[in-house]
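Protein chains in written order, with the working numbering: chain A, 1 to 473; chain B, 474 to 1145; chain C, 1146 to 1250; chain D, 1251 to 1450.
Keep in mind that the hints were calculated from the coordinates and are not lab data.
Among the clues, some could well be false.
On the chain C side, residues computed to face chain B include the following (Cβ under 10 Å) [unchecked claim]: (1) V1169; (2) R1176; (3) M1181; (4) V1218; (5) A1221; (6) D1243; (7) V1245.
On the chain D side, residues computed to face chain C include the following (Cβ under 8 Å) [what the hints assert, rightly or not]: (8) F1390; (9) G1391; (10) F1395.
Source: prediction; values computed, not measured.
Even for Gly, the Cβ is constructed at its ideal location relative to N, Cα and C.
Spelled out from the first residue to the last, the chains are:
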Amino acid sequence: MIELLLILVPVVIGAAMQFGRDDENEKWSRWTGALVAAVMFFLALASRGTEWSFRWLSRPFTSAFHFGPTAISYWIVLLLAVCTFSAILAVNQPRRRRFIGQLLMLEGTMMGLFLARDLLAFALFWDAMLLPVFFTLLGWGGHSGTAWRYFLYNFAGGLTLLLATAAFGMLYGSTDVIGRTDVHLVGAWVPWIFIGFSFAFLVKTPVWPLHTWMPITYSDTPSPMVAVVSAVQSKAGLYGFIAIAMATMPDYVKTYAPWLIVLGIVSLLYGAFIALTQNDAKRIVAYSSLSHLGLIVVAIASFNPIALQGAVLYIIAHGLFSAAIFLTLGYVESREETRSLVRLGGLGASNPRLAGALCIAALAALGLPGLAGFVGEIVILTGVFQAGLVWPAILALIPIVLASAYMLRLFQGIMNGPEVPDLPVRADLNWIEGLALAPLVIALVVLGVNPHALTTFNPSAYNATTVSQGASK
Amino acid sequence: MTHHVMGVDGSYPLLLVLWLLPLAGAILAWAFGPQLKTAAGWICSALVGISFICAVAMWGPGTQSVSGALGAHQALFSWLPGFDFGLLMDPLSLLWTLIITGVGFLIHLYSIGYMDGDRAFARFFAYMNFFVFAMLTLVLSDNFVGLLVGWGLVGLASYFLIGFWFFKPSAVAAARKAFVINVAGDVGIMFAIFMIVASVHSTAFGDAFAFAGSYNSGWLLAICVCLFIGAAAKSAQIPLHTWLPDAMEGPTPVSALIHAATMVTAGVYLVARCAPLWSQNHDAQMLVGTIGALTAIAGAILGCAQWDIKRILAYSTMSQIGYMIMGVGVGAYEGGVAHFFTHAFFKAQLFLGSGLIIHALNNEQDVRRMGGLMKKMPFAFIAMLTGVIAISGIPFLGAGFFSKDLVIQGALEHGHPYLYAVGIITAGITAYYMCRLLFVTFFGSYRGDVDPSELGIRHPELAGTPAHGADQAEAEHEGSGHGQAHHAPAWIMNVPVAILIVPTVLIGWLMFGGDNSPWAHFFAQQFPHPQLSPAPIGEGVTGLITFGAVLVGIAVAWWRYATASAQSRAVERLRGESIRMPGILTHAYYFDLALDLLFVRTSQLFGTIFGRFFDPQIIDGAVRESAFSAQWLGTLVRSFQTGLLRAYALLLVVGVAAFMIYYAVIAGGVHP
Amino acid sequence: MSQMMAVPVSYYVGLSAVIFFIGVAGVLVRRNPLIMLMSIELMFNAANLLFMAFARAWLHNAGHIFAFLVITVAAAEAAIGLAIVVTVFRSAKHVDVDDVALMKG
Amino acid sequence: MIAFWILAVIMLGSAIWCISASKPVYSVVALLLHFAALAAMYLTLNAEFLAVIQLIVYSGAILILFLFVIALLSSGVASFSVGPNRLPRIAIPAIVLIALALGFFTYAMGHAGAVVPAAQAGSPLGPVGTADVFGSVNDFGKALFTSYLLPFEITALLLMVAVIGVILLAGDHAPYVATRKHAAEVRREMREAILREGRQ
């Protein structure tokens, strides 16, 4: 039942918050939202090992509303709860109540996605989670074209996901397979099913060359929303690769793994090079996301237990630091009304706390040892190298150097240098804004020092079987 | 997989305390800086002092040797199987710990005076303490990942402190450059870690070294080269040295602690720590030794062409680290480490001494605008004089002589006569440029009131003088109305310098006595000692040859800068020398330009092509074209929707007809 | 009767096809909605003729039932069609089908 | 056979007359002739009930309805063709194609081989008007109200819907039918309304 609460409570409350006049109840909405998000966090904590199921279809294949965290998604769900909490506290958009409502609905639908143990439910929430972002883009974003681009790209992915799910159901007879290790699809249709899944996952992640919806979406979406989107929603595809594709059709994933590695490496380099030359702060982070998530794709495609462990670490780490960066950039934008590195500068002198927050987030993103990003990077690459992928490992090291260059450029461009006189500097972080960032920063440091809690996840649940499967072939 | 632990396992609370105290100080000063005000400086210094005391107290466990395990080992936690973390204190790390906390403590004290009145006083000490913590992490770690964590964190601390005055664009750029180049080095170490984990499934030093003999030699060479990329970046070895001179944008105590005494020697530590790996591979030794020697002589030559006092010291640091790297590279680990040890004292001494001058002259760093300071600042003169004696290697009068001799002789003993020659020549050049620094700064008459153009100062920012942004820096530095100039440094700045004079002069005697010296005893079990054939030239003779080179250097410097005629025409001579300085030297062999073209510009070009052309034109273009073709298809289909009833009927009937034809002709008619 | 018995079903099919085609041509070439409706009736009847012929050939009265249903539908169709024609006429004062063409893409 | 040919000729002639008549009322007459001939052909095929229905429903009801509408429209000034013939030029090849298709189809059907068989002993065939033979009211009614009751009921429903539709369409409140002229009028009105608003 906890799963049901996790999904329905945010959705219902979020929907309820959409009613009423625009300017009503703005004040309590933040605290209601934060309270709901906090309760969701503790519910999510308690959800470990629980399951809930209700029969849905029996023909042409069986499926169920079956929810419950898997070994991996448990952490992603926690990440989602933390990020939503932070994002809600960081909301300073107009029509705040509605915005927070959208955030809660996004949380609920993504809870559904990550808790789903049934492919059909997974596909359902895959499309559902697009809607809050879409409406936020229409209501608060700059350009409606962005909203449509986001929606069309991701919905196209959702379509192939649904088709692949249907084909999966017809082939296997049931879609209630996520988190199970005994499902191994074979047949002439499986490559097509895999391609259908992959397309959805690659668009969502996104991976080169399906990424062009992402930079404009990330720069147009208001920061609290994009924090959650980049932190958690972008992990849906990666989670899908691990929990669905690798678990149920390992041989086919293996067949296509070289392509995935190539795409991952190209994303890695491509994103990093572009991030080096952008002037819009949020676009820098967007392209850096492309780069970082490419690394996770490489990790997944390398079929190595250590790399997979690192992928899970890095999924969480990337969620934490990208949320932190986007929230901080949101603070900067709300103060200075610009995101352009050309116009910004010298904020650090008058906003030391803001500078500190951005600094920690940027350092985590560039993989500073001692923060969570580094742990993921080194564990992934160790695994990738161990899997015999020497050149991918070498190429993946280049973006680490580039990351340090563009992240420092971002940080220094905003915070350092002479103070720009015509910027409307207002104030340093207030306590609510600080409270929003605190959980993210603390988690980054704790996981950076000792990520042991996260590595208790047993890769054999997904990988050992697949590896042995692959070996026996 | 057997688990090899270096050091005796156990619980060593002192080790944890000495490691974590500076971190506590950093957090304290960072979080409560505004409340603590100047107390932050005292607290942070005290914490580093306590760390030093703890390090001294760890002498016993750190040098113990029980059944082949040397030193003390404290296990901490584990990320994954193979990624185990712990602290290791053996003679090598003990030595580094003592220097980091001991010299660090003195420099902290000095900083209380130097940074007095700075708006971000507490922040400075937070960074300094953080640096000490990070450096301790680096040297105390018992595995490569922990070392890499420390490696990255000292880079961060260095970044913060170089860019401490972050309103200066030059400081910001220098900080970023230092950080990025160091990350390039980190990446090298990361790759070495991949190879090690792939071989031994563990990151622990013990496991990696126990396996050392059985590595494939190409593989081992690759590991060593990758490790050395990290070492070269951190220790400013050619070609990754370009960040070090720029790093002088940081406050002078920072230059003393980080960019002279401790952090930049991390590469030496790494090579010495991985001695079991290097000893197995002659090619790796050759490579490292050669690069060390090249850096030594290249840095020394550049030192002769600089006018910024801190840049001279920076190139001298680069050159001296070249010595150390050469030492540990060729296999003379004791020698290389010994040079680190003495260098830490005399270079800190030199930097702190120059800091006294800079502080007193209101941030003036150009030696051409100094002169005649001997009478104005006798204490600074003495401090600098002892430092110059030590670094130049004048026999028995300074510490540098003993350690440099160990390195040069070591090169010969391990069969590298060319490196030996380079070492001796470099010693002569070192003596020349250090004496040049001393004579130009302290002899003659004061030139601070001479118009810069008469001294040949054309581009102050290129010469390293803090020109743009300097006003603000000064305003910041003098923030609390501290008066225009510090003509009398506070005692707090003089005491650490005075204390440092003692080891600068005397510490070298530890290394006197060949194999029976206390130094050799200390490291008896640390490093591999291969059987070497005796060198063709004895140690005493080497000392004499070196001394000859040093005398030549001093004589040239004396002739050019210190004779009466040279001093009377100092302004014209300096102007002439500035103007006639070859471009290859003023631009430091164009390394910056080459790196900029090769890496920075290339990356930016890629980024621009991808971001401005590939993304919008090719990828989005393809998407747009497919959208257009869908639109075209729609227009095509739309043209059938004429609204004409009869046209619809026609289409319908044509469809029916098509079906009929299909069944009648293609499907072969009706079969009852 | 015997002469009639000799008629092959294919004759009926041919006749029906020709009438059907005449109906189609009527719908396509005439612009008068009334004649178009009548042409549709022609097509219905062509189909009905086939039903009858095959029902007779196989002695199964399902064909009759179908023809009956077709007649019913044709009646409904004619009623609706004529109602539309009247409505168009009342609104537009003419009934040229080519001019009632605003529902286009 | 002779009857078939005679009736066939009548049917074809009347059908061609129907679609080519210049006035709709001639078409109705032609159609009447056609339906009558068809009813006769039904009789030759032993479908007496359907023949009667054909006469009553088609010739009686539907054609009278057509006549009423023609009378209604002809009372006004309505012309049946305004403006150019807008049928696409593709119509002519299309008609040829259709003719070809039907020809092929007929040819294929010709190979079906079935003939309308003679009445034999034991077959349900009998003279027209006899009860209980194939095609009689009895035979037809039994089938309609037993095996085919559901289609029959649905047809009834269809008829009811048609009646309601006709009442709605042709009732007092005739719905708006968009024509070119109307659309132009609406646009003009809107433009004027906008101009009025602008002046105020």
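Contradicted hints - numbers only: Structure breaks hints 4, 5, 9, 10.
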